[in-house]
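**Q** Sequence:
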Amino acid sequence: MTAVIDRPTSPTSAPVKSVRSRPPRSSRRTAAKVGVNGLLVLGSAYMVLPLLWLVFAATKDAGDLYSGNAFAFGTDLFVNLQRLLAQDDGIFLRWLGNSILYAGIGAVVGGFVSLMAGYAFDKFEFRGKRGLYASVLVGVLIPNTATVIPLYLLAASIGLTNTIWAVLIPTLCNPFSVYLARVFSSGYLPAETLEAARVDGAGPIRSFLQVGLPMLVPGFVTIALFQFVGIWNNFMLPLIMLQNRDLFPSSVGIALWQSQVQQNPEFSTLVIAGSFVSVLPLILAFVMLQRFWRSGLSAGSVK
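In terms of this note's numbering, the sequence shown opens at residue 81 and continues consecutively.
Because the hints were derived from the structure by calculation, they are not lab data. Each hint should be verified, as a subset may be incorrect.
Claimed, not checked - The following label-pair restraints were derived from C-beta to C-beta distances:
hint : residue 1 : residue 2 : range
1    : Asp-280   : Ile-249   : 30 to 40 angstroms
2    : Lys-209   : Tyr-268   : 15 to 25 angstroms
3    : Ala-226   : Leu-120   : 27 to 37 angstroms
4    : Val-121   : Gln-343   : 25 to 35 angstroms
All residues carry an ideal CB built from backbone N, CA and C; glycine is no exception.
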């Protein structure tokens, strides 16, 4: 008969690992939301506050413009607008019409040219395609101000300076718009849809106009809006190309008045009122065209 003897356990216990206390998941989510929303609020304030100041400043005279509360309404809005429209026999209306002409033609025609180019880069195979598209990407990296002097020299060599064509022709080709058009074409225009159109007997032009273009309408509207805003705010190109003040867009015309503020402080109200009126067409364009962004990307093209 064997006896079982229990051995005493060792008095030393195993070391306990220290566990770091982590904040609960809900508090981490709250901190992330606060950080993200805080950045969004700062970004919104950075964009909205100058526009809000412009709205208040357009209602003040020259004396109240630099004194008192910056974000308070004045009583001279209609007086400032009357002076703006009457200055130099209504030259501002001509400048505004020039801006609408340059930006409108550049947005519609230039946007359509960019859409066709992006469609061709995406759907067609041809010799030198990769090299040409690489040059487009290089053009995206080059700032527009760096091309102003070469464009002026080219326009001067063929006698186009001080004409509307010197401003219109460069707006008809935008490398970023071509790149954006190819992105839209590759993402929202399936190759199977075009293949079905070819099986039905549609040629390349008909396939683009009747099948591809309706599906790319939201992309075209986006490209056109980018073009419109960029041309509307363009300053260096018309400043270099144009000498006749009747051909100036509103951006160059307002800068011309701004240069006279030191000699005549009353021009400051013209600059503010002109800037206020110049912003309105941009806001109107976004409000009128935003429904196209929300529409179905394949609306009108379902076969």
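**Q** Now, for every hint given, state plainly whether the structure supports it.
**A** Quick rundown of the hints versus the structure:
Taking 30 to 40 angstroms as the suggested C-beta distance range, the pair Asp-280 and Ile-249 conforms, at roughly 38 angstroms. Remark: the range hint 15 to 25 angstroms for Lys-209 to Tyr-268 is upheld by a beta-carbon distance near 21 angstroms. A beta carbon spacing of about 33 angstroms between Ala-226 and Leu-120 agrees with the range 27 to 37 angstroms that was offered as a hint. For the pair Val-121 and Gln-343, the supplied restraint of 25 to 35 angstroms is violated, since their beta-carbon distance comes to about 41 angstroms.
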